[in-house]
Amino acid sequence: MDMTLMISVVVALAAGAVIGWLATKAHADQIRADLIEERRELDIELSAARQQLAQEAHWRSECELLNNELRSLHSINTSLEADLREVTTRLEATQQHAEDKIRQMINSEQRLSEQFENLANRIFEHSNRRVDEQNRQSLNSLLTPLREQLDGFRRQVQESFGKEAQERHTLAHEIRNLQQLNAQMAQEAINLTRALKGDNKAQGNWGEVVLARVLEASGLREGHEYETQVSIENDARSRMQPDVIVRLPQGKDVVIDAKMTLVAYERYFNADDDYTREIAVQEHIASVRNHIRLLGRKDYQQLPGLRSLDYVLMFIPVEPAFLLALDKQPELITEALKNNIMLVSPTTLLVALRTIANLWRYEHQSRNAQHIAERASKLYDKIRLFVDDMSAIGQSLDKAQDNYRQAMKKLASGRGNVLAQAEAFRGLGVEIKREINPDLAEQAVTQDKEYRLRAIPEGRQDEHYPDDERVKQQLS
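In terms of the numbering used here, the sequence shown opens at residue 5 and continues consecutively.
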């Protein structure tokens with residue numbers, strides 16, 4: 005009985021232990037399943053967090069690139085504003101110089117007119133009012149060339165003033181174009197991104213488009229101050245085709261090359277990490293250096309018929325690419341100069357081309373000033389000849405005046421004048437159709453009698469000069 009009870013107790017305890025173990029196992033399995041589910045959810049959240057971190061890193065990189073672009077644009081904008089201030093200052097100086105020149109020309113014209121008027125007045129004051137129509141026509145024939153010269157000088161002054169006004173208008177238009185160019189920088193950044201993703205041919209075309217815009221903004225004229233895609237045969241009978249040849253005053257030329265490739269810079273621009281970006285920077289610098297060597301071997305400045313300077317302008321159409329290469333490798337400038345090449349960006353090229361445009365403007369103004377000086381010299385010679393002619397006319401008029409006085413003296417004054425003798429004939433009964441001017445005739449007779457009285461002693465005057473009645477008696 006006790007054994008049976010003990011066995012039952014043992015069995016019951018074993019059964020309870022089994023049941024407890026089963027219950028504990030079931031609970032542990034449930035806990036394990038819950039842990040597995042929780043771990044799966046944590047894995048999902050971890051994957052999402054990693055993706056979010058990757059996106060944040062990407063956007064931070066994009067933000068950094070955009071900040072770099074923004075800083076570049078700010079730098080370009082600052083340079084453009086400085087250029088604008090410089091152009092405005094030159095415009096004001098040009099306007100002041102033009103106004104001073106116009107005032108000097110107007111004052112010179114006024115002085116010439118006053119001198120001519122005073123000279124004419126002095127000459128006319130010595131002339132007699134009874135100069136006949138023939139003398140007046142001769143005087144007009146002498147005055148007409150001078151009048152034409154003065155009219156030509158006046159037209160020259162007006163044309164010069166019109167050209168100065170047109171140049172001021174052109175310069176103001178260029179300033180507005182510069183402001184529009186500044187406003188287009190954002191759109192240019194978008195176009196830049198599209199161009200950087202293209203091949204070398206597309207990038208070359210993009211460089212030529214940017215170069216064309218810079219040339220247009222500079223104020224130079226195609227076919228006059230610069231030419232594009234000119235084909236020249238070198239000494240080896242191969243054809244060379246520079247992108248642009250800019251003409252300079254004094255018969256000089258400068259060549260601009262715009263075929264720089266920016267594939268490496270595109271990789272730098274789109275790089276996701278510093279390592280890739282650094283490799284792209286080195287490739288970009290190598291690309292610039294290789295293009296410098298290639299361009300140096302072309303030896304554009306030795307082409308027949310090209311009066312080039314000793315260097316060629318290598319145009320990098322993207323400002324940040326230009327700044328990046330020089331920032332990482334400043335000695336590129338020295339290497340380029342050794343190959344007779346100057347590195348330029350859109351900003352620096354625009355400044356250089358505007359300087360060339362100003363040189364051409366000053367050259368045209370100098371030619372106009374030289375032409376005006378030649379015209380003024382010719383006008384001065386004409387005035388000198390006119391003064392000599394007028395002096396000769398004055399001397400002739402003085403001589404004519406003396407001859408006139410001598411003739412009038414013989415006619416109506418002095419002893420034995422013609423009118424007194426003619427009046428004596430009338431007193432003798434000579435028939436006349438019309439009397440001579442009574443006042444003049446009376447004056448002539450009176451002066452004749454006065455000269456006679458002064459010349460003959462008193463008491464013998466009637467003996468030498470009998471009166472009219474005695475003459476009548478003798479004749480009868």
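It should be emphasised that the hints constitute simulated quantities derived from the structure, not laboratory data.
Just so you know, not all the hints are guaranteed correct.
To be verified - Below, in silico cross-link-like pairs of lysine-lysine (DSS-like), each with a Cα-Cα straight-line distance of 27 angstroms or less:
1. K386 <-> K403
2. K437 <-> K453
3. K414 <-> K403
4. K386 <-> K414
5. K332 <-> K263
6. K413 <-> K386
7. K332 <-> K342
8. K302 <-> K263
9. K386 <-> K437
10. K263 <-> K342
11. K403 <-> K413
12. K437 <-> K414
13. K413 <-> K382
14. K256 <-> K342
15. K302 <-> K342
Tested hints:
For the suggested pair K386 and K403, the alpha carbons sit about 25 angstroms apart, so the restraint of at most 27 angstroms is met. Of the pairs offered as hints, the one joining K437 and K453 holds, with about 26 angstroms between alpha carbons and a cut-off of 27 angstroms not exceeded. A distance of roughly 16 angstroms separates the Cα atoms of K414 and K403; the hinted pair therefore holds under the 27 angstroms criterion. Under the criterion of a C-alpha separation no larger than 27 angstroms, the hint pairing K386 with K414 is inconsistent with the structure, at around 41 angstroms.
Between the alpha carbons of K332 and K263 the distance comes to roughly 21 angstroms, so the proposed pair stays at or under 27 angstroms and holds. Of the pairs offered as hints, the one joining K413 and K386 is violated, with about 39 angstroms between alpha carbons and a cut-off of 27 angstroms exceeded. With a C-alpha separation of about 19 angstroms, the suggested pairing of K332 with K342 holds against the 27 angstroms cut-off. Taking the CA atoms of K302 and K263, the gap is near 13 angstroms; set against the 27 angstroms cutoff, the hint holds.
Taking the CA atoms of K386 and K437, the gap is about 53 angstroms. The hint is violated against a cut of 27 angstroms. For the hint linking K263 to K342, the alpha-carbon distance of about 20 angstroms falls within 27 angstroms, and the restraint holds. For the hint pairing K403 with K413, the CA-to-CA distance comes to about 15 angstroms; that is within 27 angstroms, so the pair holds. A C-alpha spacing of about 23 angstroms is found between K437 and K414, which places the hinted pair at or below 27 angstroms, so the restraint holds.
Distance hint between K413 and K382 is unfulfilled; the C-alpha atoms sit about 46 angstroms from each other, more than 27 angstroms. This hinted pair checks out: K256 and K342 have alpha carbons roughly 21 angstroms apart, not beyond 27 angstroms. Proposed proximity of K302 and K342 is supported: the alpha carbons are some 14 angstroms apart, at most 27 angstroms.
In terms of the numbered hints stated before, the structure departs from hints 4, 6, 9 and 13, listed from lowest to highest.
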